[in-house]
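Undergrad: Sequence:
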Amino acid sequence: MLITDDFLPVPVPESLNATYLVPVKGLPRVSTKSAVAGLAGRLAEPVHGLARQMLDSPLMSVDTRPIGEFPELPPDLLTAFGATEAQLDRLAAATHLVVVQAEYRPGWPPAHEWAARAVAAAVAESVDGDVVDVFGLQFLAPDAALRSLPDEQGRIRLVDWILVPYSSDADGLWFTTKGLRRFGLLELQTQGVPDHLTRAWGAVMTGTARRLLRDWTDGLAGEEVPAFVQLPVLATVTGHDIAVAYGNPEQHGATAPVLLRLELDPATDPDADSFLSLRPPPGHPGPDGRYYAAACATLFAGIQPDVRYARPGDAMSKAIATARAGLEGIRARFVDGQLPRESQLVVKYGLPGDDGPEYVWAGVTSWETPERIVGVSASDAATDPTVRIGAPVVVETADVVDWALLDGTGVVEGGWTQAVLDAGQRPHTDN
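Take the sequence shown: its position 295, counted from the start at 1, is 295 in our numbering, and no numbers get skipped.
These are calculated hints, taken from the structure and not from any lab test.
None of these values were measured; they are calculated from a predicted model.
Hints should not be assumed to be uniformly reliable.
[Claimed, not checked] DEER-style ranges, computed between Cβ atoms:
id, residue 1, residue 2, range
1, Glu263, Glu14, 17 to 27 Å
2, Arg261, Glu45, 37 to 47 Å
3, Ala37, Gly329, 45 to 55 Å
4, Gly283, Gln338, 38 to 48 Å
5, Pro75, Pro266, 25 to 35 Å
6, Glu371, Pro46, 55 to 65 Å
7, Thr19, Ala44, 17 to 27 Å
8, Gly283, Ala325, 43 to 53 Å
9, Arg333, Glu45, 38 to 48 Å
10, Pro392, Glu224, 50 to 60 Å
11, Pro281, Arg157, 21 to 31 Å
12, Arg341, Thr19, 23 to 33 Å
13, Ala325, Gly41, 47 to 57 Å
The beta carbon of each residue, even a glycine, is placed where N, CA and C say it ideally should be.
With these hints in hand, go ahead and build the complete structure from the sequences.
TA: Next comes the structure, spelled out in structure tokens:
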């Protein structure tokens, strides 16, 4: 194996395993084979055929065991990953678990995951129950599990197979992925992410995972499973990677690629996970968090920094008027908790400057009174050295000229002034 500074050798496991559980009260009345046969016409045939073949092979086992023989599933973690009270109640009432396990070699397709999830979903549907994905510690409704499986072209939404949890530490947010090990790849992590990038950086992690997973499976395409796959030290991610990972390739055009440096972070504890760390590329000046914010500004419309104009034209004037007319309504939704889950509200406001106002974005954290907004800056201001990425800011509502609601794919509501700029209708400036 050739080792260079441009590539990082990542070890390949000898085999991969998938485990899914179906909690049941009593014993299933329908055989597993009959349940899987009932999926005919509802699954893409390559996956349906794969599930039937593995069910008849030594690569898959399906056992029904008394629930007391299995380690207790932690309700707190299940809740943290989205379990509902109804699902937890059904788990508490279960007397048995149907355990679906499959094993396969690393590579594409991940037959162990696709077949095991399909079989578990078929069993859960036959007993009006749930699927528990042991790897992700997630409940899946049978129909959701089936929708996550590949279509006729073998396409999946990667967001259905990996999670991106995060937690706070002294340097900001620590993001990790949970799900890449299904495919044999080490999980990713990023540390020191500014707090206001919670949703955006989760999407960047998902898009990067999609890009690296493609490189990973390309390296496993031969007949023999290699001991290592060489991944590029400088990984790239684009808006298209993010959109494909979320299953919406038509909703995001091409963006400039963002570079991320890949570092192997091996665990010192044999029971802990090793990670592939995402860092700014070599030579980047300043703190890592500043680079992450700039990367998000490149990949997502609506939080671009340093937008200036001195004499707005008609299109921009109308955009500002539209945005300001909606401030009362968006504040009411924010205060009442009526915004979409995991969305981020940002506002654009003006800072005085010698060459006219400078307009910057801030993520909203509190809006207790109509006249004043508390938030964190989403960009560095050129005219005010105290306004830096991640720094707390207090914004007078009278200074706000636009607002936008962001999710992992970009602007979902608002952003009228940005739409004018993106359309090329830039007003005159004194710059």
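Undergrad: If you check each hint against the structure, which ones fail?
TA: Violated hints: none at all, because every hint is consistent with the structure.
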